[in-house]
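Next come the chains, spelled out residue by residue.
Number of protein chains: 2
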Amino acid sequence: MVPHLVTALTGPINELEQRILESTPVIERWFRLEWMEHTPPFYTSVDIRNAGFKLAPVDTNLFPGGWNNLTPEMLPLAVQAAMAAIEKICPEAKNLLLIPENHTRNVFYLMNVAQLQRIFYSAGLNVRIGSINPEIKEPTPVELPNGERLLLEPVIREGRRLGLKHFDPCTILLNNDLSAGVPGILEDLHEQYLLPPLHAGWHVRRKSNHFRAYEEVAKRFGKLLGMDPWLINPMFAHCGQVNFAENTGLECLQTNVDALLTRIRKKYKEYGIQERPFVVVKADNGTYGMGVMMVRDAAELDNLNRRTKNKMNVIKDGQQVSDVLIQEGVITHERINDAVAEPVVYMMDRYVVGGFYRVHAERGVDENLNAPGASFVPLAFEKSALQPQPGSKPGASVPNRFYMYGVVARLAMLAAAYELEATDPEAQWDV
Amino acid sequence: MVPHLVTALTGPINELEQRILESTPVIERWFRLEWMEHTPPFYTSVDIRNAGFKLAPVDTNLFPGGWNNLTPEMLPLAVQAAMAAIEKICPEAKNLLLIPENHTRNVFYLMNVAQLQRIFYSAGLNVRIGSINPEIKEPTPVELPNGERLLLEPVIREGRRLGLKHFDPCTILLNNDLSAGVPGILEDLHEQYLLPPLHAGWHVRRKSNHFRAYEEVAKRFGKLLGMDPWLINPMFAHCGQVNFAENTGLECLQTNVDALLTRIRKKYKEYGIQERPFVVVKADNGTYGMGVMMVRDAAELDNLNRRTKNKMNVIKDGQQVSDVLIQEGVITHERINDAVAEPVVYMMDRYVVGGFYRVHAERGVDENLNAPGASFVPLAFEKSALQPQPGSKPGASVPNRFYMYGVVARLAMLAAAYELEATDPEAQWDV
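Each protein sequence line maps, in turn, to chains A and B. When you read off a place in the first sequence, starting at 1, and then add 125, the result is the number in the numbering used here. When you read off a place in the second sequence, starting at 1, and then add 125, the result is the number in the numbering used here.
Certain hints may be false.
It does not matter which identical chain is used: a pair holds within one copy or between any two.
Stated by the list, open to error - Here are the simulated lysine-lysine pairs, DSS-like style, with alpha carbons at most 27 angstroms apart:
1) Lys348 <-> Lys391
2) Lys262 <-> Lys290
3) Lys262 <-> Lys219
4) Lys441 <-> Lys344
5) Lys219 <-> Lys344
6) Lys213 <-> Lys394
7) Lys213 <-> Lys436
8) Lys219 <-> Lys348
9) Lys394 <-> Lys344
10) Lys391 <-> Lys434
11) Lys434 <-> Lys392
12) Lys434 <-> Lys290
Hints listed in this document are in silico derivations from the structure and should not be mistaken for laboratory results.
This is chain A alone, in the form it adopts within the complex (with noise of 0.2 angstroms):
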């Protein structure tokens, strides 16, 4: 089940991965110690970058999609690990109320959350799809390619309870990022359990935070496994107050774009590596890919055409681009049948439950793969992420590589709890 990877990874990251396989034990404990302290979000996933001499998270998606990529064969795990959570947040729970995007139309997206409802039905829950697109306003049934039928019915508030019609929840489970900001008729909603917090959507998330809290959560990694956290760490700089289609703010970007130029040219010559350092520019609250850029000098900022500062201006939902997050680029060495790949790792609660590889055949090494033209491919993970062996030897053989990814995907996990811990609006109302 494992796909044909043409890699060729060789340098660095190969003692980094010898030395991760043989502290399994440390890691996991580490990770367990962690999770006494810190609540792991209810799901995640993250997409990794491998450059071969570095490995790192460069997004980590707090309202996942995709769900339908996962091969039946990870359901199993990804179901356990609903049923972990749902025990230790609400389990004397009854009925769990999905509420997707609103974008009705696009049934890969729409066959994400069958595979959701089928999770957490197999996990023990009445499931059911609770719409708050105002163009729902009767239960709409819809095909699904696989011959799946998905209801999608719209929501009903009645006092401080959020439900559908004869269906009260004890918990919501937030597929929608929240980009456009908090409906009103999801604020309040204090007798029900509204998982994520709606702190974790992106009207509030900065990707600045979060790298911020990885920084801190790969300091701490690389101290106990005595290893460069630069390693595992993209480096980042942060600009405010930038507006492309007005052009102010720019001068922001390109100081911070030529000075973290430098760190990763400093950097690569330390580890003899012969890579033309790139950034990325992204919205430091974009998500589906948008508002994506990549900058080799600081001088392409000067000729910014049309196009890309369009690009660059809006986000999903029409959001307004302000705050911008420069981030080090790292390529990916990865290949699927010759087309550039990465890998997206699938979280449940504190555990791994698969992932795929994001294949874009049009997209080069040094690109945004999450793009139109993108494919996905399935990853097992059963024989490798979760089982390297007490002294097999790290490298001989692909699978290995993953558990490296598991535990990559999971410090950027751990970062997100930081992230929502410091941006707890109730926690501030605490102190």
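Assemble the complex: chain A is given as a structure, and chain B must be docked to it using the hints.
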């Protein structure tokens, strides 16, 4: 990965199966609430017999061997469940001491030990194997057929702690069923976690206690689903002070065999079942398939031959049989390549993590398959046990059947939890 099963299951079991599949959320929630009140055994395997008209557990093992018979695809589930178990019991644990059975020349058993080592290593523990076999006086490497190497080390007792040379575990996992009693070296280990507890060993456990607890569980589950608990419950009786060698106590056996056959006959009549009833007479603390005989008529007990008496008189580790369980015989209608088969379900903590078919080409549908000549056919639980689909047609495909096996196995596990509570010596002192 699902082997070709020649099943011809008709009659009431399909109604039952349908009801179980349709009730998934209700069942899973019921288990969730039970596990809030009761602690599941650390790990459990359950032998199940599927007669078509009836499905029942016939043996519940609290020190399961045979982990090596699980396919690699099932291991991540076991690892994830092991992580959950450790997290609950001893999250700070670094070192785990695994104490196997003393038969050091059975490589299949030792492959089971290696598999357990792999599972707990992957879950984040340093695992070493501590033998309590007096023959193991120094670290003894054993080569396994698959090329792996296992190191058996003599345990060392220092004051109140058990360990190995330079290895002080905080957790001790028994894979030794203590049939011969508790060796002194395992007593009074109050500073370390000892799993499962000593009173789960066969020196204390009695099948009759287990099936009494199971009867209670089956009744409650029957009520939950509105069904006759007999459909999942093997009826039983118990005789103490039986001595097969000296022909004493056999009257009790005859009376109870006769009475139980009458009860089975009545049930068969109620359900229109044409099979000939039989009972299984088992040593009440027997294991490894030892001390088991089938009886179709109480008169058979008048003329037991020497060989049968010897077989019934002494069980594992040379223990003399005195207490006897008389259990309703459940035929198995499952076959793999024409050989009679019964499913064995494996659980870690509260989770079903896999299973296999025990197959015996030379045995009949009404015989004990746990005997020399048995082989094991791994089963894929992933597409089945944990994922009944909402609205799917039960019985339409083979896989759905395993969800039911997973349910019945967990009912037996829950019964074991009740049983361990009732027999806990420390709980009795508290009263």
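Practice item. Can you give me the call for Lys434 and Lys290, within, between, both or neither, at a CA distance of at most 27 angstroms? Key: Neither: 45 angstroms inside a copy, 67 angstroms across copies.
Practice item. Up to 27 angstroms between alpha-carbons, please classify Lys213 paired with Lys436: within, between, both or neither. Key: neither (42 angstroms within a copy, 48 angstroms between copies)
Exercise for review: Up to 27 angstroms between alpha-carbons, please classify Lys219 paired with Lys348: within, between, both or neither.
Suggested key: So Lys219 and Lys348 pass the 27 angstroms test across copies only (18 angstroms; inside, 44 angstroms).
Point to revise | Same-copy or cross-copy closeness of Lys262 to Lys290 [CA-CA at most 27 angstroms] | key: within (12 angstroms within a copy, 70 angstroms between copies)
Practice item. If the cutoff is 27 angstroms on CA atoms, where do Lys262 and Lys219 land: within, between, both or neither? Let me know, please. Key: within (25 angstroms within a copy, 55 angstroms between copies)
Exercise for review: With 27 angstroms as the alpha-carbon cut-off, assign the pair Lys434 and Lys392 to within, between, both or neither.
Suggested key: So Lys434 and Lys392 fail the 27 angstroms test inside a copy (30 angstroms) and across (79 angstroms) alike.
Check your understanding: Is the C-alpha distance from Lys441 to Lys344 at most 27 angstroms within one copy, between copies, in both cases, or in neither?
Key -> neither (32 angstroms within a copy, 55 angstroms between copies)
**Study point:** Homomeric proximity label, Lys219 with Lys344: Cα distance no greater than 27 angstroms
**Key:** Classified as between: cross-chain Cα gap 22 angstroms, same-chain 42 angstroms, threshold 27 angstroms.
Point to revise | Within, between, both or neither, where Lys348 and Lys391 count as close if Cα-Cα is 27 angstroms or less | key: Result: close within a single copy only, 21 angstroms intra versus 71 angstroms inter.
Check your understanding: Are the CA atoms of Lys213 and Lys394 at most 27 angstroms apart within a copy, between copies, both, or neither?
Key -> neither (48 angstroms within a copy, 46 angstroms between copies)
Review point. Taking 27 angstroms as the upper bound on the Cα-Cα distance, should Lys391 and Lys434 be classified as within, between, both, or neither?
Key: Intra 30 angstroms, inter 83 angstroms, cutoff 27 angstroms: neither.
Point to revise | Within, between, both or neither, where Lys394 and Lys344 count as close if Cα-Cα is 27 angstroms or less | key: The answer is within: 21 angstroms in one copy meets 27 angstroms, while 72 angstroms across copies does not.
Hint violations for this structure: numbers 4, 6, 7, 10, 11, 12, all remaining hints satisfied.
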